[in-house]
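Following the hints, complete the assembly by docking chain D onto the known chain H.
There are 2 protein chains.
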Amino acid sequence: MSRIITIGREFGSGGREVGKRIAEELGIAYYDNEIITGIAQRTELAEEYVHQIIENKPIHYYPITVGQSFNNTINPLAQKTGAIYAEQSNVIREMAQTSDCVIVGRCADFILRDLKPLRLYIYADMPSRIARCRKKGDHGEGMSDRRLAREIRRIDKDRAKYYSFFTGQKWGDRCNYDLCINTSSASIQDIVSAIIGMLEKI
Amino acid sequence: MSRIITIGREFGSGGREVGKRIAEELGIAYYDNEIITGIAQRTELAEEYVHQIIENKPIHYYPITVGQSFNNTINPLAQKTGAIYAEQSNVIREMAQTSDCVIVGRCADFILRDLKPLRLYIYADMPSRIARCRKKGDHGEGMSDRRLAREIRRIDKDRAKYYSFFTGQKWGDRCNYDLCINTSSASIQDIVSAIIGMLEKI
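Protein chains in written order, with this note's numbering: chain H, -5 to 196; chain D, -5 to 196.
Extracted from the complex, chain H is given alone in its bound form (with noise of 0.2 Å):
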């Protein structure tokens, strides 16, 4: 059976946590920001940098080859990041084929999609979220709950917006998944223990 993982998750969702601990139980290893970290290093680029065009700061993605094509200048910084989703796609394609691995976000599934990795996409209402993300502290402090649900909202569109991208299709769209499960009503605790009890039998 196939034991790379890979995880998109709505942001609030706990995906991340859903991601360590099947890692952690499996004994295999876990990728996010590990990933950022290695391109960085191969790209000589500031990590800082890196996360802020990929995560934080989305640059408008116009496709390079159109800029080229119609305008006959190039965009540095679509080049730029071009280059980054690059290495960060032969750096994750290492990865999973080094050891077992789970992979969160950074288009894994696509990147590694003749591996046939398991795809899970994991997911919340929004009351959920907003919980999840106060009970962290990392976001909506100070905000109330309307504005918080407002940012969430933006940093998926943001996620949508990398995603459909770099692979041409819809992010979230359950095609794209194998499994998607909704942590709205069930303990991470519980939701990992179902995935490896699930894991087990495929």
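If you're looking for bench data, these hints aren't it; they were derived computationally from the structure.
One should not assume that every hint holds.
Since the list can't tell identical chains apart, any single copy or any two copies may satisfy a pair.
As a list, the in silico DMTMM-like pairs of lysine to aspartate or glutamate whose alpha-carbon atoms are at most 25 Å apart [claimed, not checked]:
1. Lys164 / Glu81
2. Lys164 / Asp150
3. Lys155 / Glu11
None of the values given here were measured: they were computed from a predicted structure.
Okay, now just chain D, sitting in the frame of chain H:
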């Protein structure tokens, strides 16, 4: 743990088979057409007629109240469908309250929401659904793949209309399910084993 399991499913995805096998494995009741039979017996409508209205030849779903408010006439077909739905809801509630069970379709996830059933949604990509229909042999004989795909989409569209009319929710929207399972690349037997493994943990 909840032993009431509802299953929504795309046509041709194997949802009925998943439901039947889960019920067999757990030794609990299984319902789908049985519900219609129950309704037909209670309302003294011919089973075939009920089936035709509910699944195969959906009427135009004008909400009854709108018809009454603005037109002051009553659409007898809509009224009949409303009555069937109400009766169906009663039957489903009785079944769920009587014993643990698996219920396929019929908006059961919505009707039983206060009982917190485990809500599964079974889906697959179009090539798998076409292959499954051909294998079962009950749909698509003499049809090209393209025509069969159109027929599959039409059936799903009818299900979506029916679900949306009676629940006010979008059919297939992952938020309405606890677990969405793609049957494209695993056998139904493996998927059922995996779900049973999962059920033992939550």
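At most 25 Å between alpha carbons: which applies to Lys155 and Glu11, within, between, both or neither? Only inside one copy: Lys155 and Glu11 sit 23 Å apart there, 37 Å across copies, limit 25 Å.
Measure nothing new, just compare the shortest in-copy and cross-copy C-alpha distances for Lys164 and Asp150 to 25 Å and report within, between, both or neither. Result: close both inside a copy and across copies, 12 Å intra and 20 Å inter.
Indicate which option fits the pair Lys164, Glu81 if close means a Cα-Cα distance not exceeding 25 Å: within, between, both or neither. within (22 Å within a copy, 39 Å between copies)
In the structure shown, no violation is registered for any of the earlier numbered hints.
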